[in-house]
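Residue numbers (the numbering used here), protein chains in the order written: chain H, 1 to 393; chain W, 394 to 786; chain R, 787 to 1179; chain A, 1180 to 1572.
One or more hints might be untrue.
One-sided and incomplete, this derived list gives chain R residues near chain A with beta-carbon spacing under 8 Å [to be verified]: (1) Phe815; (2) Tyr1031; (3) Leu1085; (4) Gly1171.
I should point out that these hints are in silico values taken from the structure, not numbers from a laboratory.
Beta carbons are placed, not taken as given, at the ideal position from N, Cα and C, and that holds for glycine.
4 protein chains.
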Amino acid sequence: MSDEATNPVIAMLGRRLRLAVIGGGPGSFIGETHRMAARLDDRYEIVTGVFSSDPGKSKRAAASLGLPAERTQGTVEAMLDAEAARRDGADVVAIMTPNDSHFAYAMAALERGLDVICDKPMTNTLEHAVALEARVRETGLVFCLTHNYTGYPMVRQARAMVQAGELGAVRLIQVEYVQGGKADETKPDPVGPWRFDPQRAGPSLVMGDIGSHAHNLVRYVTGLEVAAVSAEIGSIVPGRRVHDYGGALLRMAGGARGVFWVTQAAAGVENSLRLRVSGTRGTLEWEQEVPQRLTFKPLGRPAELLTPNGPGALPLARRSTRLKAGHPEGFLSAFANLYSDAAEVIAARRSGKAADPLASVLPNAFDGLMGVRFITSALESSAAGGKWVACGG
Amino acid sequence: MSDEATNPVIAMLGRRLRLAVIGGGPGSFIGETHRMAARLDDRYEIVTGVFSSDPGKSKRAAASLGLPAERTQGTVEAMLDAEAARRDGADVVAIMTPNDSHFAYAMAALERGLDVICDKPMTNTLEHAVALEARVRETGLVFCLTHNYTGYPMVRQARAMVQAGELGAVRLIQVEYVQGGKADETKPDPVGPWRFDPQRAGPSLVMGDIGSHAHNLVRYVTGLEVAAVSAEIGSIVPGRRVHDYGGALLRMAGGARGVFWVTQAAAGVENSLRLRVSGTRGTLEWEQEVPQRLTFKPLGRPAELLTPNGPGALPLARRSTRLKAGHPEGFLSAFANLYSDAAEVIAARRSGKAADPLASVLPNAFDGLMGVRFITSALESSAAGGKWVACGG
Amino acid sequence: MSDEATNPVIAMLGRRLRLAVIGGGPGSFIGETHRMAARLDDRYEIVTGVFSSDPGKSKRAAASLGLPAERTQGTVEAMLDAEAARRDGADVVAIMTPNDSHFAYAMAALERGLDVICDKPMTNTLEHAVALEARVRETGLVFCLTHNYTGYPMVRQARAMVQAGELGAVRLIQVEYVQGGKADETKPDPVGPWRFDPQRAGPSLVMGDIGSHAHNLVRYVTGLEVAAVSAEIGSIVPGRRVHDYGGALLRMAGGARGVFWVTQAAAGVENSLRLRVSGTRGTLEWEQEVPQRLTFKPLGRPAELLTPNGPGALPLARRSTRLKAGHPEGFLSAFANLYSDAAEVIAARRSGKAADPLASVLPNAFDGLMGVRFITSALESSAAGGKWVACGG
Amino acid sequence: MSDEATNPVIAMLGRRLRLAVIGGGPGSFIGETHRMAARLDDRYEIVTGVFSSDPGKSKRAAASLGLPAERTQGTVEAMLDAEAARRDGADVVAIMTPNDSHFAYAMAALERGLDVICDKPMTNTLEHAVALEARVRETGLVFCLTHNYTGYPMVRQARAMVQAGELGAVRLIQVEYVQGGKADETKPDPVGPWRFDPQRAGPSLVMGDIGSHAHNLVRYVTGLEVAAVSAEIGSIVPGRRVHDYGGALLRMAGGARGVFWVTQAAAGVENSLRLRVSGTRGTLEWEQEVPQRLTFKPLGRPAELLTPNGPGALPLARRSTRLKAGHPEGFLSAFANLYSDAAEVIAARRSGKAADPLASVLPNAFDGLMGVRFITSALESSAAGGKWVACGG
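Just need the whole structure built from these sequences, with the hints factored in.
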C-alpha cells in the first residue's frame, strides 16, 4: 500500500499465507472476485480448494487454476483434514458457497484452528449467527466477513471523518442499494439456482444479498447500531417466491433517524449503493458506481470532493489506496483491501507481532451477527404491519 | 415557447391577463419568484397587490414595484372589492401568504369570480382542503397550485414517458427531498417567523414545506395515487417545536411500492429533491439540483441522458422549454411554466377558446387536497407507531 | 436580485427604461431570448420595435407581442426618428439582427443619443469595430455587447476569485466551445439563411458565432488579453462554404499559455462551452451545460463545488443570483443579468446617480473590438500556416 | 475475464509465464503497479528481478517481495544471462526503468529471445525508436508498450465503436492530459530525480510522461495517424529546466482535425486525461478520472452512458472487464489488461496455439515509434514558431 514499501505478511512470516478455498469455481463471479482480491497484494498463496460439490468438477477447476492435483480433495471435510495434517497446511479458509452452508464450513474451519474469510450474509438464521459469533470469540481466530464495500477508500474516509468529528453528531442517514438484475418480468425466475430457493438463500433474498451490505455500510461509517426498525419487505415481481425489495425506517442508537431502501427489481439500474450521512456539522455523500469520490458538504463552507490519496485523505483511507490521486481504483481493489487487512491481522496473530491498528477494522463475526439480527427484526416488523421492532443495537 | 411564435393570451384576449398579488413583498423569496414567473412569458400584467398585512409597508412595496398608488388598497378584502368593481379589474389572484391564510384568501377570490394561483400546501387542515376543492369544482374557475417542480421540462418528460408506456408498469418509487436550511443546531429557531409557529405553519412544517412537493412529484410523474402510508415524522434538532424530518414507506394504488424521505436538517445540503421511478421496462432518475438532465435506464439498453429540446424530448417537455438543447433553463423557467400554462387555460376559459390540452396538466385543487390528505395520513401513521394508514388513493 | 429589495431602475428613474427592439421577430431564438431577458427583472418596458425587414411582417410581429400599432414603424430609421421625436421615446435600443447590420444600426442609435444593447460579434470587420468602439467612447453612452455567458453567476464567481487572488498568477487556460448544430453531413447547408452566406455572417461563421464567446470568456474570467495566436480555422464538413471549426494556441499577455477549440460540427454535442483556468494556487473548471456549478481545485486542499448563493459565493456572483442556493438558474437568468446590469448603469447615467460598481463589468464595445481583433489575427495565422500573430493584447 | 472460465496461459502452457523484472523497487509507484498488474489475472509468476542499480538495495527489494535470494543477480546483464542459462528461466522481461535505459534493456532481452513488456515512452530518441522497432519485427518476439490507458474497457469500447462504424467518419478530435503534480511553484524542482534531468528524461518531460499517452490514445481509439502537427511546447513554471506544458493542433491522415493539450503544472488537478472524438454520426467522450463511463452522443438520438459489461458493450470491452455491470474497475484492472493480453499472445506464440485476435491489439513497438516520432515533430514545430511539421502518419 501507498506508505509502506514492504509486504507485511512476508515481513512477519517470511512467506505468504496459505489459503484454501471453498466454493466459487472458475466462471463464478464471486469465486473469481475472491481469488483476484487474494492475489492483488501478494499476501496469499492459494494452495488448494474445493470448488464444487461435484468432485470431478472441483478437480478440473483446481487444475484450470494451476493448483497441484495431488493436493486436491473431493470434499470440504477431506480437504480440511488433509490440510490440518500437513506441515505446510493452509492457514486460512475462504468460504464463498451458498448462504446455507456458511455456518457449517466456518465452524469446521474454526475447529481446526484455521482463520476464516467468509462471504455474507454470515448465516441464514439468527441461531447460527449467535453460535458462530460466540465460537469465533472463544477461539480467538480471525473471522473476516466480506462486506467488501467497506474496503473502498472513500467509504473508509467517511468512517474516519465521522470518527474524527468532522460531521459532529450524526443525525440523519439515508442508505439505498438498488439493482436491476432481477427486474425482467418477461423471464420467469430460474428454478435451479440456490438463490431463488427460499430454503437455501435464507429468509429474504434481497436482504441477504444486498440489504446486509446496506445495513453494514451504515454501521461501518457511522459507528452507530440500529436500535429499531419499521419495515416492509416483499416481492414486487409477480410470481416471485423470494423477496426482491425492502424498505425500512431506522431509529439509531443515540437518536439519529434513517431510511433504508433495497431492491433487485429496478429495471436498468446496475449497482446503485448510495449513502448519505448528515451530522450537526455537515453531510457526506457516497455512491458505489463512482466510488472514487466522496462528497463532503460542511455546514457553511463549500462542498468538497474528496478522492483517494487526494488532499484531506485520512490515514484509514490512505492505507487503503495503492495509487496516486486521480488514478481510480475500483471494486476489486476494495475487495482486496479486506483480504489484505485480514492477512495482516492473521500474520500478526500467527507471528505474535502487532498489526497496524487500522487493519483491524475488518467486518467480523459480530458485524455478521448484527446483520442477521437486523434482517430478522425487519422481517418481523414487515409481518407485523410496520410495527417498530428492536434490533439489539 | 419553442413551437409557437405567438403569445396565446394576447392571441385569445388581445391583451395580457391582469394579475393581483396577495403576499410576497419585495425581498421575500417567494414573492420575487412568483413575480418573475409571471413576467417571463409576458402573459400577465401585475396591476395591484397587497404585499403585507401592514398597509404602509404594502403601499411602499407597491411603489417599489412600479405599481400605481391609486390602485393600491390596504387590505385584501378592499383590494378584491375594488378590483371587482373596475371594468379593467384583475382577472387572476396570486396568493403567496403564510399557509394558514391560503384558504380564506382563495375562497374570497373565488367568490368574486377570480381565477386563483396559490402557493402550496393548499391548506393547513383537511377540512379546509375538502371545502376549497369542492368550491373550485363548483365555480369552474381555474385554480393552479404552485407545485413548481412539476414545471421542469425533464419532470414533464418523465410524466410523458410514463404515460407513453416507456417504463411499462410502475413498480418501485423513491423520492427524497433533503435540505439543510434548518440544520444549524448552534442557532436556536427564531421565534417570530410564522414557519416556526406550529399554529400557522400547519401540523408539520417539513411535510408542508417540502413533503407536499415530494408527494405531488410522485403523483405527477407516475400518475398513481398513494394508497397507504407507514411513516415516522418528527424533529431531529433538539428543542425544535416543528417537524424537520419525515420518512415513509408507500403502497401505491395498483401495487407499486415506494420510499419517501424529507428533511430540512441535513447540514450542508442545498435543495436535493430526487426521484427514481422503476417500471417493468426501465427506470427514470431525476434530481432538482441538475434539473436539465433526465436519466432513463431502459431494460437491456444503455442508459440515456435526456435534455430539454434534445433528441427524444416529448411534446409535453418541448412545450415547456424555451431554448435550444444545451441551453439550460432552471427553477424560474419551471415556475414560469406553471404561470404560463395557467394563463393559457384562464385565457381560454375567458375567451371561450380552446387551450392546448397539454396546458391543463397543472397542479390543481384536487392535487392540493390529495397532498393534505397524504400529510394527514402520514402523521396519523407516525403517531400510531408506523401502522399503515390509507390515504384515499 | 438577492440583496436588494428594490428595482434600482424604478428607484432611480421612477419608471422602467423604454426599450426599442431591432430584429428578432417572434419565433426567432435570439429575439425571444432578448425579450425574456429584458422582462425578467422588470427594468425595461418594450415600447416598440422593427422585427423584420418586411414592414408587414414586422407590424404583425409587434401586434403579437402586444405592442401598440400606432407606435410601430416600417423601418429602423423611421422608428429611431419617431422615438427621438417623442417625449416618452425609447431610452435604449436592443439590436439582434444579422451580423453585417450591427454596425449601421448601432451607429444610428448612438447618433440619436440612445444607449445600445447589441448582439455579438460586434461587427464583421475590424474597421467597423474600431470605428464603433471610438464612437461609443466619444458619446459616453452605454454599449452592452451580449456576451451572455459572462452573466452566469458561476462565471462571475470565477472572475471574482481570480481578481481576489484565489488562483494566484494565471498560468494555463483551456477553453472550448463545441456544438453539433452544423454536424449533419447528410443535409446540405441551406442557401437562404444569412449565417451560411460568408458575405453576411462575417469572415468566419464559427469564430463569430461561438469563437467570440470563447475568447471573451477567457478575457472576462482571467482579466488577461491574448497577446498572440497560432491557429487553424476551416471547414470540416465537405462542401461547406463557411468555417465550422477553429483551433488555436494562445500566448496571453503576461506569459500564460492557452488552448482554444471551437466547432459547430461535433455531431450530437449540444452546447459544450468549457473553461479551465489554472493559476499558481489552484484551478477553476466550469462548463455551460451545468452552469450552476463551479469547481475549484486549490493546490493542496480538496476540490470544492461552488454554487450560486452557496457558501463562498463572492459579491459579484451573489448580485447575479436571484434565488437561494440549490435552486438552479440558467441561460435566461444569465442573459437577464446583462440586461439588468445594463439597465442599472443606464439609469444611473440618465439620473446622475451612482450604479453599483459591480454592475459596470458588462461586456462593452472595447470587448467587442478585442473580439474582432482576435478573430482577424487567428484567421491571419491560419492563412499563414500557423505563424504566431499578435492580437493587440 | 468474464466470458472465459479458464486461464488461457495455464490452458496453453500448463503453467504461468515466468517474469523477470527490471526496475521499480518496492515503494516505487510504477514498480508496484506493474507487479499488481502482473498478478491480478494469475498469468505470470515473478521469478526474479533487478530492482535497483544498487545491488544491495536490489537484493533487499527481492527479499521483501518474497523472491528467492539464490535467483537474484546484481545487474541486469547478469540476470538476463542467468535466466537464459536456466531450464526454467524467465520467459518475459518487464522494464520499468528511467526512459534513457529502455532501449538498451529491451535490446538485451530481445537478443536472448525474451518477450518484452516495456514502459513508455519507448525511447528518448527517434534513432533508438527506429532501431528497436525494427529489431522487434526481426525477432518476431512480443513487445508490449504499457500505454495502460488503452487497457480501460471503455477506451476499448470506444475503439470498437469507431471500428464498427458507429461514429461514421471521424472528423474532430480533442485530447487533453492535465495533471498538477508539477504545479507548486513554491518548491523548486528537485535536483536528483532523473525526471528533472533533461539528459535522462528525454527531450521533453511532459511529452514523454503524458503527451505520449494522449497521442497514443487518439491513435488507439480512432485508428488514425497524425499526419502533421503545429505545436508549442515549453515550461510555464519559472526556472524549470524541463517542459511542463504542450499544446498542438493536429491534422490527421484522412483529413480529420484535432487539438491536443498536456500539462503537469495545473495546480490542484489530479489526472485528467480526456478524449472527445466526433464523427459524422456521433461523438464519444471519455475521461480517465471516471473511466467506468463512456458517453456516446449519437446524431439525432439521446446521449448514452455506456458502462463495462453494461448493455451495448462490444466484445473488445467485454473481454477487458472482469465484473458485472455496475462494479467499477479502475486503473489497476486496465493496466492488468495489457499484462494479461500480452500473456495470452506470448503463451500462444510459445505454444504454437492461437490467441484470441482481440488480445493482439496491444500497444507495441510500432506504436512506440509513432509516439517518439510525434514528439520529435511537435518539438520541431514548436522551435519553428508553429510551422506545420509532418509526423509520418
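Hint-by-hint comparison with the structure:
{"no.": "1", "hint": "Phe815", "result": "violated, 19 Å"}
{"no.": "2", "hint": "Tyr1031", "result": "holds, 6 Å"}
{"no.": "3", "hint": "Leu1085", "result": "holds, 4 Å"}
{"no.": "4", "hint": "Gly1171", "result": "holds, 6 Å"}
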